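K.L.:
Given the sequences, and given the hints that come with them, work out the whole structure.
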Amino acid sequence: MTAPAAASNGDTLVSVRNLRKEFPIKKGVFSRQVGAVKAVNDVSFDVARGETLGVVGESGCGKTTTGRTILRLIEPTSGEISFEGRDVRSMGTSELRALRREMQIIFQDPVSSLNPRMTVGAIIREGLTIHHLAEGAAADARVKQLLQEVGLRAEYSSRYPHEFSGGQRQRIGIARALSVEPKFIVCDEPVSALDVSVQAQVINLLVDLQREHDLTYLFIAHDLSVVEHIADRVAVMYLGKVVELATSDDLYREPLMPYTQALLSAVPVADPKARKDRIILQGDVPSPANPPSGCVFHPRCHHPAKDEACARIVPPLEEKAPGHFAACIKQPPTVIDWDQQKQAGGVHPPERYLPLAAVHA
Amino acid sequence: MKRSATLTIDVDHSMTQPLLSIRDLRTYFYTEAGVARSVDGVSFDIGAGETVGIVGESGCGKSVTALSILRLIQPPGRIESGSRIEFEGKDLVTLGDTEMRHVRGNRISMIFQEPMSALNPVFTVGDQVAEVARIHAGLSRRKAWDRAVETLALTGMPAPEERAKQYPHQLSGGMRQRVLIAMALIMKPALVIADEPTTALDVTIQAQILDLLMHLQKEFGTSILMITHDLGVIAETTSRVIVMYAGEIVEEAAVDELFAKPHHPYTEGLMHSMPHIGHDQERLNVIPGTVPAPTNWPQGCRFFDRCPYSWDLPEREHPPLYDVGANHTSRCHLAIEPARRNNPHPPLVVVEGVGAA
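Line order of the protein sequences matches chains A and B.
Following the numbering used here, the numbering of the first sequence begins with 68 at its first residue and continues without gaps.
Following the numbering used here, the numbering of the second sequence begins with 12 at its first residue and continues without gaps.
I should point out that these hints are in silico values taken from the structure, not numbers from a laboratory.
Be aware that one or more of the hints could be misleading.
To be verified - Derived DEER-like restraints, expressed as beta-carbon distance ranges: (1) B/304 <-> A/222: 15 to 21 Å; (2) B/59 <-> A/418: 45 to 51 Å; (3) B/91 <-> A/371: 57 to 63 Å.
Every value quoted in this text rests on a predicted model; they were computed, and no experiment measured them.
Just so you know, even glycine gets a beta-carbon here, dropped at the ideal spot from N, CA and C.
P.N.:
And the structure:
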């Protein structure tokens, strides 16, 4: 499989190759393994220094597992992860601890991700202490500076998390992540739990901080409009696989993978005059314990050329246009040529299908 | 025209008698921190077959309004005297408990946000749908079951006979929401209150459920009160919109009018702070600050310190709902001094640090 190259400047910070994570399904008194949930199933991508790579997809598509696996908060089953050229998977405990200073995470739920028994100051200080970055008065000063940087008052350091609103708690989580001066932050649905007006404040804060500290983000979200706003490139995941990867502009202007098309068309538009033809997918996402054969999306796919070949051939994530990768053997060009498709039972040759073109024109 | 604290029946919105008519609804919670005036003088109508949306952020009072209509407010909360909720010729505020039970689930039903916690985990979903018909229509077990399966089929549930025998945990989120919709519709109620019916669902499933609700509404002629924080859901499903802020209605208009000409600065702020697909913006507009506490609403205009147009009048005087267009009302003094909109200023709320504004 050709690995999707990094964005324009080519300076790769994080590189993921053929990443897999399977969670065993156990049954009976002896906890015999009877199957596995393929949460992340052969995922590869690069994140360039200073860029924001968005990861979108619905519940259970593996986006959160992918983010946590990169930090080794979840151990991958197989695959390669490198950070600034260093192999993350082979690192020992002390190396990993040093690495965690450079890679941080911001969680979705600002309530459960802050220890209710610790003051805000203690929460932010913890990282400074663990990584021996500052002590005593210097640490106090740094905590105050961090609070101000995320738009909170310095006096708040002696308060407890329950005294704050959701948006303020998310700012505390961001201050904690920033405290160790990381290079890379996994933002795991950082604004999903917030109201619209507060969400905009936190997104603007993340954008400002990125510019000031040269941060690189892996921005995981299910809200496509938020991801379009913040991300330079976007990876769309479905059932543990990256099914499309392109610059934010290309992906939203011309989604190639039928799943991305359906996902984009499903977003309600806040304009009553813009009622559009919606692609309504039938049924639910299949179980990742027993994913469909061939293309994992084929049972729900609306591409007019869909046929038996889609159920037999696993589509490679291939470059359909410069920098625009998609996994669909019916969307030309494809390395799976027509003869191969016919041998697999194909009856419809690949044809370009862009049902949303009119909508976004 | 003021509609805030009057009891006069307003005939502007519908030619005929409205199905539901709420006047000066006040629902207060008597907490240790003080009296939380969660819903504070709300008046609106819903016509037969109409879909009305209430939009607002957490704590604006939209869900408490919904629960008040069904009289599901628990102590320390209560509906204050003087509040009126007229429905099919009855005042629901003063209705006896037995009669209220007849209204609930039969004439007015509700679809809740979280389909898992709204279902009982130890009964099959078929039993739970059938129970509604047994209680309200007095159907036998057998007949109620058949009707439940029929209604589940109407909601697009695949293999409804088999699914009816399953328990909630065996169904996906989208299917559980279909079960709740079946429970809400089995008695063919006159009004369905949908409180964030798709917020817990993924977008592709949300599209299925909204499509289903709109389809069923056309089929049965049911009125829907759609409560949501999502302006996209409002734009796609409703014909008239009510915007709530700090326990009050701050704006009401037909959906096309509201999106084309939002009047209240809060409505305007909400619309601008959402990222839109296909619109490239460097920075999102932000409503600075947070919603005030319901125990301590500001005097005068409740949006005063977050507003980019405020001056001394909004601070002094609580704005009434002004008429600002055809069937379009707004609780903002800009209605009487429109020129001030041309001179926005930084809001008064304290803005600190990078990214706060």
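K.L.:
Does each hint hold? Answer for all of them.
P.N.:
Consistency of the hints with the structure:
1. B/304 <-> A/222: 15 to 21 Å: 19 Å, holds
2. B/59 <-> A/418: 45 to 51 Å: For residue 59 of chain B and residue 418 of chain A the Cβ distance comes to about 48 Å; the hint holds.
3. B/91 <-> A/371: 57 to 63 Å: 60 Å, holds
Checked against the numbered hints given earlier, this structure breaks none of them.
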